[in-house]
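Chains A and B, in that order, give the protein sequences. Residues in the first sequence are numbered from 0 upward in steps of one, following numbering that gives the first Met the number 0. Residues in the second sequence are numbered from 0 upward in steps of one, following numbering that gives the first Met the number 0.
Hints were generated in silico from the structure; no laboratory data involved. On a predicted model such as this, the values are computed, not experimentally measured, just so you know. Possibly wrong hints are sitting among the right ones.
Just a few of them, taken from the derived set where beta-carbon distance is under 7 Å, the chain A residues facing chain B [claimed, not checked]:
1) Y231
2) K238
3) G239
4) Q240
5) H249
6) D327
7) K331
Here chain A is said to cover these stretches of chain B; the calculated rule only asks that three of the stretch's residues, wherever they fall, bring their Cβ under 8 Å from a Cβ of chain A [unchecked claim]:
8) 75 to 83
9) 87 to 94
Even for Gly, the Cβ is constructed at its ideal location relative to N, Cα and C.
Below, each chain spelled out in residue letters.
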Amino acid sequence: MLHYIGRRLLQLIPVLLGMTFVVFMIIRAIPGDPAQVILGQQASESAILALRTKLGLDNPWYIQYFDYLMGLLKGDLGESLRTMNPVSNEIWTYLAATFELSLFAILIAIIVGVNAGIISAWFQNSWFDYTAMILALVGVSMPIFWLGLMLQYIFGIELGILPTTGREEVRNPVESMTNIYVLDTIMQGRFDQLGTVFKHLVLPGLALATIPMAIIARMTRSSMLEVMRSDYVRTARAKGQKMFWVVYKHALKNAIIPVLTIIGLQMGLLLGGAILTETIFGWPGVGRYIYEAINFRDYPVIQSGILVVAFIFVMINLVIDVLYSLIDPRIKYD
Amino acid sequence: MSARKAILQVKGLQTSFFTDDGVIPAVDNIDFSVHEGEVLGIVGESGCGKSVTSLSIMGLVPSPPGKITGGEILFGDKDLTKLSDKEMRKVRGNDVAMIFQEPMTSLNPLFTIGNQLMEAILIHKKDWSKKKARERAIEMLKLVGLPRSEELMKDYPHQLSGGMRQRVMIAMALVCDPKVLIADEPTTALDVTIQAQILALMKDLNERLNTAVLLITHDLGVVAETCERVVVMYAGQIVEEGPVPIIFKDPQHPYTKGLLQSVPDMRFKKQRLYSIPGNVPKPGSISKGCRFAARCEFAFDKCLTENPDLYQTSSVHKTRCFLYQNQEVLAHDRTLIES
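Construct the complete structure from the given sequences, taking the supplied hints into account.
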């Protein structure tokens, strides 16, 4: 197993190298010049040239790319052209915010989605099945910005029970350590703040969870339907086992593998930052961070931001692959 | 033999499937009983209702679309068709256990043999400790002739051969000392040498544990080797019933005769193998007359218009054929004279 993980990590190198190259070339193909953006429309030609030289943008692309790679090897993700701060310092705050929100959203999606799928398959063609599957269809096809606005309107404005933007109360800010506020407030014993942190998570979390929840529910249902017809499920029933355990022990474990694949992909997508949700709910996440960097032609932030997100994506899939072999003894990697 | 008590009695069982094409009775008015400690065979070709009969007894007919629409299944003084789901769960695996045709897929691939065996015990023996259940499981594995049973407890089904898996299935079925074991084509998916071993094992366990076995098969060879009595089914009905030696020597129903003639005989090499002409009618397609009439070489007018009853042709032999309608009277007279 460790062998396999090691091999997979080695395979990461060419994947990430290829990625850096593609991203590097694409952002330079977008029209617009960082120096121009930084100095504004009125800047003189000579000032722009001087800034380009200072930022190293006057070098040929291969020199720039080489410098960038050398930096990466030393663990240097570069400096933001806009704030002049190292990207590695900056990105962590945004990543932590995204991580917290994504984890919250994917947990909702898994708990609700998997159970809805199981119950739909168990009571196939019942009113629950029909309702759940119609809702799932609505869920996958609903535009997320519209859903976000509706949630804000209903729960934030009409009912006034949940905050609509941000991660914390402005007048009672969380003292950040890890920047994962749930963790921070627990470590500091600030349980009053933990409550407000959760309240802030609910609406963006729901908006973000909707699509993965619907996909997971449909996937679980179809996977369960197949497994429920299998011989070993009949054997379990013939033993006199309760239907609940037949479903949740014997059937679910067999049905969960394709669902895990979907969960991994969705989790990767969420961690990549959900620009729409983060924008609507004023969530300072990595999606918005990269989006703003693109507007400012902040090359190092775009390059390194996407690199980090890709790295996380690949790592999640590795974790999922390892999980497969823990669930199914027939899956062996070595 | 007839002195033995009947422990499982199926009376007038009718199980139907509710499909888009209407209600189709897969088994129709089935009567038979399993006696204490005997091996009763049910034979018939695919689709004749053998498996539906066994699933009906277990209360495992896939529903929807299937449903028991008539009759009763008596186990002791309980009618299994009237039990609640909870009461039925206490019967399954505990009083009546079942093994299936496909040993390759009948065990859950993601749980160890030990886990699945102990589960079967702990469902019914709620006051047993895990340790006791484990010991019992190992003992059962030894009983069904599996070597190194301790290590086997930690193995997963995919590490075992088909024959070994079927032995595990048998161990699992017998772990709670059921009164009746239903074996639905237990050897069909196995190769011939393993088949013989499994049958010998079942016969042996039947004698040692005195568990009655209801053996469902399409293979007359298996019946001849293992069973004491046999029920022959055709198109959802019982067409003949009696002790194995009598049925094999003196089959009465034309279908049973045809079946026996279709068994290849090593003594006559160059003969073309006999086969019954025609096909099994689709369930529910025959509304009147004998269901076998269209394929029967002895059929006469009455066979096409009237449905024959199951006639008692001797004290142990029953046949659903008009040819034996008069013999029933004779048999009846004989018993009168004898008494």
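Evaluation of the provided hints:
Hint status for A:Y231 relative to chain B: holds, with the closest Cβ pair at about 4 Å, below 7 Å. A hinted interface residue such as A:K238 counts as satisfied when its beta carbon comes closer than 7 Å to some beta carbon of chain B; here the least separation is about 4 Å, so the hint holds. Hint on A:G239 holds. Least Cβ distance to chain B is approximately 4 Å, under the 7 Å limit. For A:Q240, the suggested interface contact is upheld, since its CB lies about 6 Å from the closest CB of chain B, less than 7 Å.
Interface hint at A:H249: satisfied, since its Cβ lies 5 Å from the closest Cβ of chain B, which is below the 7 Å cut-off. A cut of 7 Å between beta carbons decides the hint on A:D327: the least distance to chain B is about 6 Å, and the hint holds. With a cut of 7 Å, the hint placing A:K331 at the interface with chain B is violated, because the nearest CB-to-CB distance is about 11 Å. Counting residues of the segment 75 to 83 of chain B whose CB lies closer than 8 Å to any CB of chain A gives 0, so the stated coverage by that chain is violated, three being the minimum.
Under the rule that three or more residues need a Cβ within less than 8 Å of chain A, the assignment of the segment 87 to 94 of chain B holds, with 6 such residues.
Violation of the numbered hints given earlier is confined to hints 7 and 8; the remaining hints are satisfied by the structure.
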